[in-house]
Every structure is written in structure tokens, then in C-alpha cells.
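Residue numbers (the working numbering), protein chains in the order written: chain L, 573 to 901; chain H, 540 to 1285.
If you are wondering where the hints come from, they were derived from the structure by calculation, not from laboratory data. Among these hints, one or two may not hold up.
For lysine-lysine, the following DSBU-like pairs were computed, each having C-alpha atoms within a straight-line distance of at most 35 Å [unchecked claim]: (1) L:Lys615 to H:Lys811; (2) H:Lys1276 to L:Lys615; (3) H:Lys1282 to L:Lys869; (4) L:Lys619 to H:Lys811; (5) H:Lys1282 to H:Lys963; (6) H:Lys846 to H:Lys1282; (7) L:Lys615 to H:Lys563; (8) H:Lys1276 to L:Lys869; (9) H:Lys846 to H:Lys1276; (10) H:Lys881 to H:Lys963; (11) L:Lys877 to H:Lys1282.
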Amino acid sequence: MTDVMHNFELYQPASLADAQELLGDHDDAWIIAGGKDSLDWFKHRVKQPSVLVDIAAIPELHGIREEADGGLYIGAMTTLTEVAESDLVNARFPALAMAASKVASPQIRNAGTLGGNVAQDTRCTYYRDGFPCYRAGGNTCYANTPTAMNREHTLFEASRCVAVTPSDTGVALAALGATFHIQGRRRDREVSADEFFIGPDVDIERMTSLEHRDILLGIRVPGTWAGAHQYFEKVADRNAWDFALVNIAMAARMEGGAIAEVSMVCGAVQCTPRRLTDVESLIVGETPGEELETLVKRVASSGAKPLNYNHFKIPLMENLAARAVRSLV
Amino acid sequence: MAKDGLTEFRLIGTRPDRPDGLDKVTGRARYGADFALPGMLFGAVVRSPHAHARIVRIDTSRALALEGVKAVVTRADLPDGLEGEDWDLQENTLAGDRALYDGHAVAAVAATSRLLAEEAARLIEVDYEVLPHVIDVDDAIRPDAPVIRQGAADASVPEGMPPNVVRYMEFGHGDIEAGFAEADIVRERSYRTEAAHQGYIEPHACVGQLGADGAGEMWVCTQGQWYIRRMCAAVLGLETAQLRVTPSEIGGGFGGKTTIFMEPLSLALSRKAGGRPVKIVMSRAEVLRATGPTASASMDVRIGMKKDGTITAARAEFRMQGGAFPGAPVDMALYCAFAPYKLPAVQHIGYDVLANRPKCAAYRAPGSPMGAFAVESLLDEMCRELGIDPVEMRLTNAVREGDRASYGPTFGSIGLVEVLEAAKGHPNMAAPLGPNQGRGIASGYWFNHSGETSVSMAISEDGTAQVSVGTPDIGGSRASIALMVAERLGIPYEDVRVNVVETGALGVNEPTHGSRATFASGKAAVVAAEQAIAEMCRRAAAEWGIDAEAVEWVDGAAQPAGPNAGRFPPMTIAEIAGKMGQTGGPISGHHEGLPEGVGASFGAHVVDVEVDPETGRVTILRYVVVQDAGRAIHPAYVEGQYQGGAVQGIGWALNEEYVYDDRGRLANPAFLDYRVPVASDLPMIDTVIVEVPNPGHPYGVRGVGETGITPPLPAIANAIEDAVGVRLTHLPMSPSKVLAALKGRG
Ligand SMILES: Cc1cc2nc3c(=O)[nH]c(=O)nc-3n(C[C@H](O)[C@H](O)[C@H](O)COP(=O)(O)OP(=O)(O)OC[C@H]3O[C@@H](n4cnc5c(N)ncnc54)[C@H](O)[C@@H]3O)c2cc1C
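Throw the hints in and build the complete structure from the sequences for me.
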């Protein structure tokens, strides 16, 4: 744990083709966007790639474009500040704008990118401290022992590893049905949030389906929820400069006072953004109100398996789900 | 402009810019890490990743083989035979046969660049044999706890106490049992506070240079250059006067920069590297893991109260761990705990307990916030039970001048009643409260301190004045001292320059701690100015050919008085100074000693919070600090101290804590998750300066730096109970704890 990074080679390609070539030439090349997650790893010397590929100068990765279906395509290098302040995003997808505005601090949002935010690594302190845990290729989890500190860890779907997704925007994007546009070694692909964010049961050493030589080009938010009622809330210890204890995003449409369609996702409770399908199916067709909130609280966290120090996340999650529903009144 | 009886002050009580302000906002001020010398090397420190481990072997050969590495230092390079506190300092500087906490320095290396030094540190191989460790104070005090150090207990510890108890105290007065018997209700509760760090923005930084002849220099950010000098000399076995220590500007200290950490290492490395200067700058993680946070505390309090709010008896038993060395501020916590109350009977018991954590250092009113958290929380709970107004209860029991303090001495002039009356009358007390909103009140106390002080002042050729003080300026003391000296000399504030000087320039000064700079250096500076005035009167008298006694100093000029009044025109300071080369040489003043007449400072805080019962988040809605300053020399900096103290207390109350994992490693050594409050967490902190002048200071100063951190801890807990009806007894009161408490109730 120092403040001094190791030596590395820095490349700053100006085109996607050059970036791909560099990634192909160097097996341990590390893509760097705003650097807000990457630099911490280097400063702490837990990860020491010998080559950095800075993708900031690639024009295709920047900007927010309108799509024919009423959705938006947001380049991976778009900063969180740009996302939070964009009129288009605010008009169509306020949950995403709000999520971006709640990330970290203004300074970090000015440098940090949307692509980097969804691709960032988990915050488990044991893992980040360089412990040889499962996620680091070892054969134990230090956070899931009877006496370990795990206040910020999972309620659901732990599989050896109990680390949670740290991304605020990921939760909003998942709720909005976004797809992730990736350029791979051979071909481009576009995957849903379900496929983009991966749990330890799929691959314990990665948080996303991005592999070496994959460049996230942009994120497509479809028109599905454009202009619909949206909600985002993040609870952290501080008002700023802090990761979520639990966050929630919701998009919904009302018809005649009842909930016609809804999508609800919670973050920081499992390794990937968690779709609250039980809540969704419970509330579709129902009228928001105190009664419904009580029922929502009953199912929101069903199946939760708290660890020693994170029992509080259960009421927190239940209350946030109820609050999201309350916002529809 | 303030008035003292009939005296009207010209400058005291005004708010000019601080003399260091422009330098600081333009980047011209030089902080610890800004200093550089030709040929300078960079140091890095190898630290233990274990909470407790035997050091089996240290192999430095690979590091030394690296091109550009100039020196490596281990404990074997430090002299043997130290005892007591000096041994503790040396052991904390570099571990001996055992590493005693996560982050404990084990070796240090100097190289031609910082990167190289870090690389070399990584190449130093240390074999550890991990030993059982203990972190929590209640675990550490158990008879079967891992023993941190045999024979560390001092004579105060009775036979048969658990092995990690190193100091024990028991004191009080009155018949405690009779007092409890007399009470209408007696309540007892247990409380816990976690270790907090001062959180100064500037990490520790120094440049040290030491020759083979034992003569050395150091440039360092510190609150006390003489302390650095003495401690480095002791740890390295040097002659104290051979070391010269110059303090830089300082980016906060709050008590944490009154002792040594890596400073002796830079000197030791320099000596081994042939006298080349060595710079060491800590990373934030090093600051959090291996400097001196405050102690953590486990406390039991029992109080007896009559229905009318009169306290009949009180008892406190505090257990504190201050790391692997003696020195937890349990004594001061006990002294302050009941200080605002006049008690017929009181008993204090304290345990200083060792644990595998860094050696605690002073932190703003050391000990006082913890004790206040326990006592002020319990009193509030009892007021609630009896239906008594918490301010009235505090007034009923308030200590006044001449009362015996809970910890023994008799109070001189104090302003607690005035503070409580001012709090009672503050508009916030009448602000309406909505659902889930609550109001909390608590008192706080700090003794304030004087200590070794040496100040020189001299008149320049043009009649301006320079003052040399030994107390680094953390909170605006240069401005305050300049105001006082200018007031006395009768010259403009801008004509006085106050310099914080190096150890070679004055006799020994204690650090800027204990809220002492404006009191002690200020008092000495005024005495020195008076000496210079007397000399200037003599010079004028000689010129006029009259008796010096017949000259008085008015508005910056000597003026004939008594029978000579009006015989000569006044002679200004500039005129006298312009001629001093012909009239007897330099005109100066000097005062040193242990300035007497310290004035204690009481405060009361009123906070309104809103608790979100669904998230557990506590939002501070309104906050007011009321505190007795004695006299506010520069009110803006007094307010700054009040606000800063409150903010640190709010952080400690709501979020800040040292979190250790099950292996005894600090889990949050960064500002991201060691959570000091950020601007958006806080409302504007309102301040009320009460002025009950301290008769022991020429302008009535009491010292204002510390009391302010004490009341927030209990005031916020009291407000939370007022808002949502749950009583939190374990800090920090973060969303997870509040939510768990609400859930437990519901
Ligand atoms: C103090 C602090 C507080 C924070 N608080 C929050 C918070 O509250 N909420 C939150 O969500 N986040 C928070 N973060 C995380 C921060 O928001 C993210 O780290 C940031 O958004 C990452 O963006 P970046 O562009 O800086 O990523 P980088 O560090 O450049 O990249 C992060 C990762 O993504 C990969 N990557 C980036 N772009 C691409 C791409 N186009 N294709 C393929 N791979 C890519 C990189 O290789 C790297 O592995 C915080 C970070 C810090 C340091």
C-alpha cells in the first residue's frame, strides 16, 4: 500500500484498430479509460500490468447519440459528469442520470467514464488488499469466515466469493434494459446486463464478461423506458464520495392508477445487479399504496443469506423497494 | 471592537486576514513535503502486515544490491539500553523482536528516487512467525488475552490484574454509596467508542540530515519542533543540542503531530548514507495504519439523580486501549467526564490497556469526547425519564467559580453557567421539529494548558516589530499573537510579523497543543512587548532628560507624563527605533517560563437531526456551538476552531472508526472508507462565542481549540433518541447501526 506506481509502458492509440493491435501484441495489456479504478490497483501494487492502453483518444468511444427507437447510445468513454448532465439522458433516462450523479465525487465523475464505471472491479477490502482469495486466483474467501469483516458484502448468490457489484450506473442500466456493445478480437457483440455482469459461479476472477482484447464501445439504452417513471436511490454512509450500502433503480409505467409494467434492480447485494423479479411480479397490476408497500417489503429480500455484519442490508433493501413503489403514488 | 470594563480595544476582537493566508491560498506556503535539498535521497518504510508477529529474520541484501539504494536501517542500527517512554518511542519507530501492530515499521531504506526506495522496500525480506493478537479493548483486558508486553505495567497496577493492564487509577470524593441511596433514580449503562484518526489533510513529511559527527538538521511538519528534537535525539542516542529542527507550515495536526514516527528513520538513513539528506513522506495508508489515532473505549457509567434533576452521586469506570504502548488518555477522559457537574460524591476508575494497534497520540481534547459520550448520554436518558429539561438539569448541577471539580481541584473563574444560558436563549432551541427530527444537547470540557514557553520580540529599525514564537501556527495563532502585540505596542496589526522559529532560536517550547498557543505564547509575547515598551520609554526619557518613570506609552509613542506632561511632543515608535543604534542598541523583549493562570473552557452544543427510519441515515439539520473563549482575540479563528471541533466530533459520532479485520489488519486505511464527513454531510455550523475573561491572561484568553470536539458525540446520540426513540450506545452511529437499532425495537 503505497502511493507510488510501478513502471509500465503507456500507449495512447487514436483509433480502434490501433488499440486492438496493441491489445493483441501484449498479453497483459490493461485498458485504461478515466483510470479511477485502475490507478488504485497500481498504486497499491496489487495489479502491475506492464502495458497500459489508454483509449481516451479514440473518437468513436465518445458522446451520446439518439437512436431511432427513442433510446440512446452512450460511448464508453463518456464521463459520468457528461452522463449526469446530459439533457437527453435526463429527459429519457433520469434514473441513469441520477445514478451517474451519485457516483463518488465531482472530481471522480469528471474523469471516470461510464464504461469504466460498469467495468470496474469489486471493492471487497480483502481482495483489494491483495489477499490470495478465490477472486485473486487463490483457494479461500477471507471475507466469509465467522469473524471476518463483511458489512459491505453479499446477501444473495454468493458462490465461494461474497463480493458485491460496486457500480451505481450498472444498477440503473440493468433496470433500463441496456445492452453493452463490445468489440472483440474477431467480431462485435451486444449483450444484455444479465450477460455483461457475471457472478462468481460463471467466472470468479471477473465481474463482467469482458475478456482480454474486448473493448466496450458503448452502451445502448433502448427506447423501452424512455420518458417512463423512473426512480434511483443510493444509501451510503456519507452523502458523497462513498460506495452504496444498497442502491435501487426502477422504471415503471402506470395505467389507470395501477402498475402496468415495472423493472426493479438492486445493487450492492450480490455480485451482479439483482433484478427483483419477485417484487416485479407482485406489483404488476396492483395499485401503489401502504398495503402494497407492506407486501413488497415481505418479498423484496426473500432468499437473502446475510453474513455476520450485513444483516442491516435486509431491511435497507426492503425499505428501498417499498420507497421505489411509493414514488409511483 | 471589544471592550474590557472601561478599556476599549483597538485591535483585539477584530478580524484581519491571517498573515499566512495569502501564502496558503497562492501555494507559496511551504509544507512538509515541499522541502528539498541538493543530493537528497528518498526513504521508504517496510511495515508489518501482521497484527502481532515475531520477527525471525530480516534480509536486506537484495535491497542493498539494487543500484541507487544508499542505506537500509533496522532496529540493530539504533542504540540499546533505552528505558521507559524513550524505549516506547524507539520500539514504535522500529520494531524490535516483535511487530506489535499492522503497519509497525520493521525496516527503512533510502534510495535516489521515491520509486526506487519503494522497490527496495519490497525487496527487503522479513520472515515473521505470526502470534495471537488482540484488538478489542474488552478482549485485551481479559486475563487470558495474548500478552502484548510483559512487565509493561507501572506501579499503579495492583497485583493480580490482567496482563495487558498497564496503568490503573481510582480517585474521587464523597460517600458514593450514600449518594446513590439518596437518589430517586439510579441508572447504569455501558458505552463504546471506536478509535478515530485526527484526519489531518497533510501526511507526515520530513527531510532529515545527520552526519557521522552527530550534528544534524531536520525540516518537518510538526506541532512541536522541540519535541521532535528531544525524541529523535533520545531514540538515536544523539546530543539534543546538536540537532536543529525547523517546522514547516502544517496542514493540520490536532494532536497527532506532537510526537515522532518516521522522523528518526530519515536521520538514521541519512547517517548511514554518508550524511545525504533523506526525505520521507507518508502515504495516506501509512498515516492511518502507523501514526497515532486516538484510543477506543469501553465505559460503564452509573449516576444517581433526584426528581428535580440534582445529581447525588456518579461513578465511571473506563477501559481504554491506546495501542501496543501505555498512554491511552483514560486519565483525562475521567477528569473531564463529570467536570461540568458539581457532585457531592464521585468515583472514577480507569484502565489503560495494551492491544495490537498503533500507539495512540493526542487527538483534540484527548479522552474528553469518549467520557462525555458516556456521561452526557446517560444524563440525557435520565432527564427524559424524569421529564426534566436537559439544559435546566445542567444548570441545576453546573459548577461555578470556587466549586470543587469532580477531579479534585477548585475551579477559578469559569463560564459554564453563561454558556448554558446562551444555549438556552439560542433561536435553534425554539426551531420547530418535524417527524423523525430530534434535538440533542450536551456539554463538554477541556482544561486548556500552558507549559514551557519562550518568546522573543524585537523592534525593527523602522518601528515595526517581529515576534519569534516556538509554537507552530495551526489555527491562526500568528494572527492572534500579532493582534495582541500590536494592541500593546499601539501600532497597526500589519506592522507586527510573528515568526514560528526553529529550535536553535529559542529555549524549549512545548508544542502547539492543549489549546495553549494564544494563551501561553500570546501571554509571553505581551510580556516581551511590555519589556520593549519600557525600554523605549527609557530611551525617550534619556533623550528628554527626564525620569523614565515620568514617561508613559500611549498610542504607539512615548509621551511625557505627570509633571512633565506636555513638555515634549510624543516620540513615536518609529522615531525611537530609527535612532536605536545611537541610543543603546537593539530594543527587544524576551519572556520565558510556564505561564500561569490557565483558564478552562466549557461548551454546550445543540444539534437537530433527522433520522431516516427506512435507511438509518442521520442528517444534521441545525448545529450550534456555544463555548466560552474567555476573550476572542480574533473571532473568525475562534469560530473556525468551534466549527472544526464540531465537524470532527460529528464525524466520530456518525461514521469514523478504525475497522480491523479478523487478522488484525486495518481494513479501512484510506479516506474512502475511513469516513470523515464531507461538505455535503454538514450544515453551516453556527457559533456563539461566550466571553467570560480569564483573569490569568492579559486579554482574558482561555484557549478554544479542543472543547468543541467533545459534545457532538453525545449531543447527536441524544438527538437521535429524541427523533426516533432509540438510544445508541456504540459509536459510530452509521446507517447500519441505526437501522439495526430501529429493527431491534420494531
Ligand atoms: C474514491 C472513489 C470513490 C468511488 N465511488 C464510487 C461510487 O460511489 N459509485 C460507483 O459506481 N463507483 C465509484 N467509484 C468507482 C469509479 O466510479 C469508477 O472507478 C470509475 O467510474 C471508473 O471509470 P474509469 O473510466 O476511471 O475506469 P478505469 O479505471 O479507467 O477502468 C476501470 C476498469 O474498466 C476497464 N475498462 C474501462 N473502460 C473500458 C472499455 N471501454 N472497454 C473495456 N474495458 C474497459 C479497465 O480496464 C479497468 O479494468 C469510486 C472510485 C473511487 C476512486
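Q) Can you give the numbers of the hints that this structure goes against, from lowest to highest? A) none
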